[in-house]
Amino acid sequence: MRRLLGCLAFLVVFPVSAQDKVLRVVPHSNLNILDPIWTTQFMARNHGYMVYDTLFGTDDKNRVQPQMVDKWTVSPDQRLWTFTLRPGLAFHDGKPVTGEDVIASLTRWGKRDAMGQKLMTFVERMDSPQAGTFRIFLREACGIMLEALGKPSSNVPFIMPKSVADTPADQQITQSIGSGPYIFKQDEFKPGDRAVYVKNTKYQPRKEPPSGTAGGKHVYVDRVEWNLALRDAQSQVNALAKGEVDVLERPAFESYEQLKKVPEIAIVTKDPLGFQYMGRFNHLHPPFNNPKVRQAAIAAMQQEPFLRAQVGVKEYYKPCASMYTCGTPYASTKGSEVQSKTNMKKAQELLKSSGYDGTPVVILKPTDLAAIQKLPDVAAQLLRQAGFKVDLQAMDWNTVVSRRAKKDPPAQGGWNIFLTAWLAPDVWSPLTNAALGTAGEKSWFGWPADDQIEKLRDEFARATDDAKKKAIAEQIQVRAFEIGTHAPLGEYVNPLATRKNVTGWVIGTGDVYWNIKKN
Amino acid sequence: VFVFLLLRLTPGDPAAIMAGDAATSEQIERIRAGLGLDKPLPVQFGIWLGKVAQGDLGESFYYRIKVVALIGQRLEPTLALASLTIFLAVIVSIPLGVLAAWRFGGWLDRCLMGFSVLGFSVPVFVLAYLLIWLVSLKLGWLPVQGYARLSEGFVPWLRHLILPALTLSVIYIALIARVTRASVLEALGEDYIRTARAKGLAETRVLVRHALANAAIPIATVIGIGIALLIGGVVVTESVYAIPGLGRLTVDAVLARDFPTVQGLILFFSVVYVGVNLLIDLSYIVFDPRIRY
Numbered sequence: 001m002r003r004l005l006g007c008l009a010f011l012v013v014f015p016v017s018a019q020d021k022v023l024r025v026v027p028h029s030n031l032n033i034l035d036p037i038w039t040t041q042f043m044a045r046n047h048g049y050m051v052y053d054t055l056f057g058t059d060d061k062n063r064v065q066p067q068m069v070d071k072w073t074v075s076p077d078q079r080l081w082t083f084t085l086r087p088g089l090a091f092h093d094g095k096p097v098t099g100e101d102v103i104a105s106l107t108r109w110g111k112r113d114a115m116g117q118k119l120m121t122f123v124e125r126m127d128s129p130q131a132g133t134f135r136i137f138l139r140e141a142c143g144i145m146l147e148a149l150g151k152p153s154s155n156v157p158f159i160m161p162k163s164v165a166d167t168p169a170d171q172q173i174t175q176s177i178g179s180g181p182y183i184f185k186q187d188e189f190k191p192g193d194r195a196v197y198v199k200n201t202k203y204q205p206r207k208e209p210p211s212g213t214a215g216g217k218h219v220y221v222d223r224v225e226w227n228l229a230l231r232d233a234q235s236q237v238n239a240l241a242k243g244e245v246d247v248l249e250r251p252a253f254e255s256y257e258q259l260k261k262v263p264e265i266a267i268v269t270k271d272p273l274g275f276q277y278m279g280r281f282n283h284l285h286p287p288f289n290n291p292k293v294r295q296a297a298i299a300a301m302q303q304e305p306f307l308r309a310q311v312g313v314k315e316y317y318k319p320c321a322s323m324y325t326c327g328t329p330y331a332s333t334k335g336s337e338v339q340s341k342t343n344m345k346k347a348q349e350l351l352k353s354s355g356y357d358g359t360p361v362v363i364l365k366p367t368d369l370a371a372i373q374k375l376p377d378v379a380a381q382l383l384r385q386a387g388f389k390v391d392l393q394a395m396d397w398n399t400v401v402s403r404r405a406k407k408d409p410p411a412q413g414g415w416n417i418f419l420t421a422w423l424a425p426d427v428w429s430p431l432t433n434a435a436l437g438t439a440g441e442k443s444w445f446g447w448p449a450d451d452q453i454e455k456l457r458d459e460f461a462r463a464t465d466d467a468k469k470k471a472i473a474e475q476i477q478v479r480a481f482e483i484g485t486h487a488p489l490g491e492y493v494n495p496l497a498t499r500k501n502v503t504g505w506v507i508g509t510g511d512v513y514w515n516i517k518k519n
Numbered sequence: 001v002f003v004f005l006l007l008r009l010t011p012g013d014p015a016a017i018m019a020g021d022a023a024t025s026e027q028i029e030r031i032r033a034g035l036g037l038d039k040p041l042p043v044q045f046g047i048w049l050g051k052v053a054q055g056d057l058g059e060s061f062y063y064r065i066k067v068v069a070l071i072g073q074r075l076e077p078t079l080a081l082a083s084l085t086i087f088l089a090v091i092v093s094i095p096l097g098v099l100a101a102w103r104f105g106g107w108l109d110r111c112l113m114g115f116s117v118l119g120f121s122v123p124v125f126v127l128a129y130l131l132i133w134l135v136s137l138k139l140g141w142l143p144v145q146g147y148a149r150l151s152e153g154f155v156p157w158l159r160h161l162i163l164p165a166l167t168l169s170v171i172y173i174a175l176i177a178r179v180t181r182a183s184v185l186e187a188l189g190e191d192y193i194r195t196a197r198a199k200g201l202a203e204t205r206v207l208v209r210h211a212l213a214n215a216a217i218p219i220a221t222v223i224g225i226g227i228a229l230l231i232g233g234v235v236v237t238e239s240v241y242a243i244p245g246l247g248r249l250t251v252d253a254v255l256a257r258d259f260p261t262v263q264g265l266i267l268f269f270s271v272v273y274v275g276v277n278l279l280i281d282l283s284y285i286v287f288d289p290r291i292r293y
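Line by line, the protein sequences are chains A and B.
Terminal number for the first sequence in our numbering: 519, no gaps in between.
Terminal number for the second sequence in our numbering: 293, no gaps in between.
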């Protein structure tokens, strides 16, 4: 008994000692796929930013800046791009980064990523005349080269060793060897439990200050641990309050009030552009195979009710009439009047004049994804008010994900509307915004078909003048509202919560962990 | 066969889940083919069965590691939690049950049975949050969450397990105490107890050596079932305390439609159930020498 008491006293008196230079992060989701080219999952992308480096980055003003690239030249006819890599770049296994590695990486990326695929339609060939140089020969000039190579969100063109990047694009890579600021500890990776990254001591950051995914990637901690097991929202708050973890990447909106009351915790909006909500229609089946019905639905789906119900915290959301992220170069209100300058009465009139025959609208409602689970309820209510007959079907998110890929009629397991959220860079241009692809059954779920938008997207890719690109982007948006590709439902930010002794958060898109100091 | 078919009939496509948000239907189709899910069901079943016969439970769709290895990674936390929970439950509930039976109808009995009803009724997550609030946040004695492996030291291991085990053990204390009380109560009415008391044996000896020993079989059965249930059924506790155990792995695998992992886990749980039941049956021989197999 005396021994038992002694043991208990020991447990109480000596708490676990904290390791000062270990940054303990609770990411927004589980890391289950380690290939950021094979999947568009954000967790895979974030893993990519830890391990790999990029040729270009995007700063907090959304300008593309060189990262691995030292300098580059463009021929007068803009068909030959020559890039020189920074000296001293090396992979984690010690091998230098060469032009051949870059070419293999871009080739694989160009088979998976939508923007990469678009870029590759212009590419005639690539070569590497010297180890630190690579060239891209184009069939014709295009205006998306830097935008594509510096794109900050999925799929990011991460640079891998040629031996890894030669993996067929439809197979996952089996090694996480990059040249980025952190080294992935494969031996410590426990799926669903923990992912560990250690400082790459040989990494040579750029001299410019860090900004977004650009600038110097300085690492001031020895180790970053992603706690993949801690997914209960209240337990996350408890763990941060007690100092057992340092960062909550995306706390639940309901948690902010509680978090703000803890003096040792700071709320940091490191990604001011945040996310955009979206309602997507299935263009293949009634009633949304009728553009007038889609317009009526867009008119009914006012943004404020969605934002109020889902986010709730006024300072974290804002309506945005643009299909492109508000505050970015292509953002515009043109064409949005059907949604932004209308009301329920007008929506009802539009529906009546559309010839809607009372076909039930199947809305997919995920019950287990807190970030979007209230949106379908709001959509159902608004559509009912407009005169739609609604069939709201509850299911887990992964069933939504599977079901939205089905082209079957709604009565046979298909769907009419699903709602989702996109990170700002995913929707800030006509080429990254998947919902603006209108190549019919080859486009993103919902499968809209419209030759005019496709033609404009091609023109956008070819345009090399910023003003012209902006004008084309506006035309695309006007047409997209006209045919009702989807309904933008407003924007929000989801600030991270961190212990106050953790500083140096890089403002910009993406969850990146360089420049962070832990005192 | 049932689990295999049930999984395939469940709505949800692992290829679509793995592809991510921006994937197109074509990309999903390619992933599906890569996973072998485009093959007819009998062919998929035949492939899986063939591998199982060779001791290979397949590879997780997501993690690209063997299901056996995945289960191996998650086994320690679950076994540790289950063992400590059952240990706590047994050392608390059996004496309580015996005492309640001994003082049948008295205040002690009523209090214990009242506690028992409470133990059954309070949801696990409520108790977990209460304990965390009190023991971890207010008193600062124990960690809020996480699991430390035994290889990291016995003290961290125990510190991380005490609260989850306490949380889980309450319901088992309630269950085992009730069964113990009922069994001992029944034994206390038997002639051999009257004889023992008539012989002048001390009451403690009567209760332990005669009543409890003869009431052991139902108690052992409940404990055994408890162990089996704990191996795969502690999802809520594992979630609240962020313990990477088999319960969480099962739920994650089901939600992600990770068919090989779910099939492997079900097979593993089945083996555990059968094994535990076998041990329970064998233990009867120890408790009652009259039993022969």
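Everything labelled a hint here was simulated from the structure, so no lab data went into it.
Just so it is clear, CB atoms sit at the ideal spot from N, CA and C, and this is done for glycine as well.
Incorrect hints may appear among the rest.
To be verified - Derived contacts from chain B toward chain A, CB cut-off under 7 angstroms, selection only:
1) Leu7
2) Arg8
3) Glu29
4) Gly72
5) Gly106
6) Leu108
7) Asp109
8) Gly119
9) Ser121
10) Pro123
11) Val144
12) Asn214
13) Pro218
14) Ser239
Q. Does Val144(B) pass the interface check with chain A, least Cβ-Cβ distance below 7 angstroms?
A. holds (4 angstroms)
Q) With 7 angstroms as the cut and Cβ atoms as the points, is Pro123(B) at the interface with chain A? A) violated (14 angstroms)
Q. Is the shortest C-beta separation between Gly119(B) and chain A less than 7 angstroms?
A. Violated. Min distance 22 angstroms.
**Q.** Satisfaction of the Ser121(B) interface hint, Cβ to chain A closer than 7 angstroms
**A.** violated (21 angstroms)
Q: Classify the hint on Gly72(B) as holds or violated, based on whether any CB of chain A lies nearer than 7 angstroms to its CB.
A: Violated: closest Cβ of chain A sits about 11 angstroms from Gly72(B), beyond 7 angstroms.
(Q) Take the shortest C-beta to C-beta distance between Asp109(B) and chain A; is it under 7 angstroms? (A) Violated - the Cβ of Asp109(B) stays beyond 7 angstroms from chain A, reaching only about 27 angstroms at its closest.
Q.
Given a cut of 7 angstroms on the nearest C-beta pair, is the interface hint for Asn214(B) held or broken against chain A?
A. violated (29 angstroms)
**Q.** Interface hint for Arg8(B), Cβ within 7 angstroms of any Cβ on chain A
**A.** Since chain A brings no Cβ nearer than about 12 angstroms to Arg8(B), farther than 7 angstroms, the hint is violated.
Q. Close enough to count: is the Cβ of Pro218(B) nearer than 7 angstroms to one in chain A?
A. Status violated, d = 30 angstroms.
Q) Was the hint right that Leu7(B) lines chain A, CB cutoff 7 angstroms? A) violated (13 angstroms)
Q. Does Ser239(B) pass the interface check with chain A, least Cβ-Cβ distance below 7 angstroms?
A. holds (5 angstroms)
(Q) Please check whether Leu108(B) passes as an interface residue: C-beta within 7 angstroms of a C-beta belonging to chain A. (A) Status violated, d = 23 angstroms.
In summary, the numbered hints that this structure violates are 1, 2, 3, 4, 5, 6, 7, 8, 9, 10, 12 and 13.
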